[in-house]
Amino acid sequence: MTSNALDGARTREWAERFAASVYATEAELTALDQQAGDGDFGANLAAGVGAAALLLDRAADSAGPAEYLGAMATAFLDEVGGTSGPLFGLLFQALSRAAGAGSGLTADALATGAAQGLAAIRRVGDAAPGDKTLVDALAPAAAALRTAQDAPPATALAAAADGAWLGVRETASQAARMGRASYLGERATGVPDPGAVGVALFFASAAGTVRSLAPHLTDG
Amino acid sequence: MARYFENGTGDLVSDALSGFARAHADLVRYDSANGYVTARHTAPGRRVGLLSGGGSGHEPLHAGYVGAGMLDAACPGRIFASPHNRQIFRASLAVAGPEGVLHIVKNYTGDRINFGIAAERLADAGITCSRVLVDDDLATESESIAAGRRGTGATVLLEKVLGAAADTGMGHGRLAELGTALAGRCRTLAAASAAHHSPATGEPAFVLPAGELEYGVGIHGERAARTRDQGQVGDLVEEMTGALLDAVRPGPEESVVVLVNGLGSVTALELYGIFGELGRVLDDRGVRLARQLVGDYVTALDMRGFSLTLMAADEATLNFYDAPVHTPALRW
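Which chain is which? The protein sequence lines are A and B, in order. For what it's worth, UniProt numbering labels the leading residue of the first sequence as 1, then goes sequentially. For what it's worth, UniProt numbering labels the leading residue of the second sequence as 1, then goes sequentially.
Please keep in mind that the hints were generated in silico from the structure rather than gathered at the bench. Accuracy of the hints is not assured; some may be wrong.
Said to hold, decoys possible - For each label pair, taking beta carbons as the anchor points, the in silico distance ranges come out as: (1) B/Ser32 / A/Gln34: 43 to 49 angstroms; (2) B/Ala225 / A/Asp38: 49 to 55 angstroms; (3) B/Gly202 / A/Gln34: 26 to 32 angstroms; (4) A/Thr189 / B/Ala146: 17 to 23 angstroms; (5) A/Ala53 / B/Arg223: 18 to 24 angstroms; (6) A/Ala53 / B/Gly173: 39 to 45 angstroms; (7) A/Arg169 / B/Glu270: 57 to 63 angstroms.
Unchecked claim - Partial chain B-side listing against chain A, Cβ under 8 angstroms, derived: (8) Arg29; (9) Arg86; (10) Ile117.
These figures come from a predicted structure and were not determined experimentally. Glycine included, C-beta positions come from ideal geometry on N, C-alpha and C.
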């Protein structure tokens with residue numbers, strides 16, 4: 001591997017940091033979802049990273065990024081109920097495919113995977129940016145990765161996390177048009193979309209510490 | 001609570017599927033670990049696997065139509081809930097033909113998303129998958145309903161015709177086109193004089209004053225857009241059939257296939273009376289009635305109601321419709 005690519009061990013570390021961030025924020029995610037959804041998003045995301053941990057443990061020592069991301073995909077697609085959790089699985093599946101058979105995950109591959117994951121999620125859920133869904137965090141993250149495709153992965157992922165958090169902030173001012181929150185109309189305004197927060201946690205987990213990039217989760 | 005004969009609300013579906021598989025062991029196989037039913041016998045020339053699914057509580061939909069000449073697999077969800085994408089993905093892998101698999105999906109958000117996720121997984125696995133969306137419910141046709149018309153009774157007619165077409169070795173693209181074209185030639189309307197009862201609470205989904213009915217109900221106990229006097233059944237069927245014909249508009253070379261469907265608690269006595277009225281309306285309007293099904297085909301637990309489905313059919317469609325079928329719920 002080169003310094004311009006995440007190896008298997010770093011990818012696994014990313015997955016584990018994502019799991020830790022989900023556990024650390026599960027109560028906040030649940031509270032957000034109770035205000036605008038059916039309240040099970042925190043638990044579903046936690047179930048996903050829990051199922052993923054078992055599969056990560058089973059991976060061979062020599063596993064590359066594609067295998068670790070593939071394990072996350074299988075866990076979220078197979079073991080998580082509801083709809084948001086399996087949609088995360090589609091993102092991980094696309095990232096795994098983009099990582100390919102190589103031993104390193106480049107910023108270019110990350111950009112390709114995020115774009116393809118975004119496309120798959122939009123095909124399935126019919127959500128567009130502005131509908132107050134996880135797409136509002138994933139679309140700017142994917143765009144940032146594309147802009148930073150020649151940068152080292154850490155730089156690209158930091159930009160993706162910044163983009164995702166800006167998207168999360170936007171969702172707080174939106175009225176939902178898709179998903180359960182759409183039935184609440186204006187009542188869900190002021191609350192960020194929990195799925196978007198989950199996407200931001202994922203990229204922030206790769207980029208660095210969650211808290212420095214997750215201001216709205218640490219405010220107050 | 002004691003309305004349903006069951007061991008507990010969580011067991012109703014799994015107990016029923018185990019019994020179903022045993023009762024029809026010559027026709028179907030039930031994979032209880034992965035949650036799907038597959039056909040034991042399919043035409044050797046079939047190139048595309050046909051798969052459907054959706055919430056339980058609509059028996060004999062969906063598993064009842066698995067078998068020779070119809071579906072290769074069905075994925076039942078919990079009562080009135082979509083199947084998980086894992087069930088759909090694994091069932092699709094099990095029945096995919098050399099040209100992949102075709103999903104027949106009723107238009108509900110949950111079904112669309114779960115079948116959609118499964119389709120993305122199949123694409124990732126290199127298996128061709130496309131979708132025929134059934135959206136026949138005329139009561140939900142409105143510019144203000146962004147989700148589009150619901151999918152209901154036409155599912156059975158589509159599955160029958162597509163099954164026969166698939167048996168001829170029809171390729172994936174043509175099969176998907178045929179299904180989409182057929183879905184556009186079907187419309188359904190339903191009316192109910194009493195709601196279904198929830199297995200969880202034993203309570204009815206809604207309560208109507210005596211002598212009134214809900215006009216335009218769905219198959220999950222959704223209330224309709226309007227309530228009307230029950231009146232004479234002839235007048236009711238005339239209104240429903242007129243609306244359906246205006247929407248379907250069978251062409252000069254077409255006749256109609258009719259499904260008079262009980263939603264769970266309407267007697268055969270009533271359904272045949274309803275069919276008689278429907279036949280009279282078609283005769284009055286000079287519309288050729290080609291084939292008919294009368295009975296419980298797509299139910300909503302114990303709802304006291306019925307639906308009428310009209311499918312405009314040309315000769316080729318009728319030939320597919322007439323082809324032999326042998327499933328637990330449909331046979332000729």
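Return the numbers of the hints above that this structure violates; sort them in rising order.
-> Those not satisfied are hints 1, 2, 5, 8.
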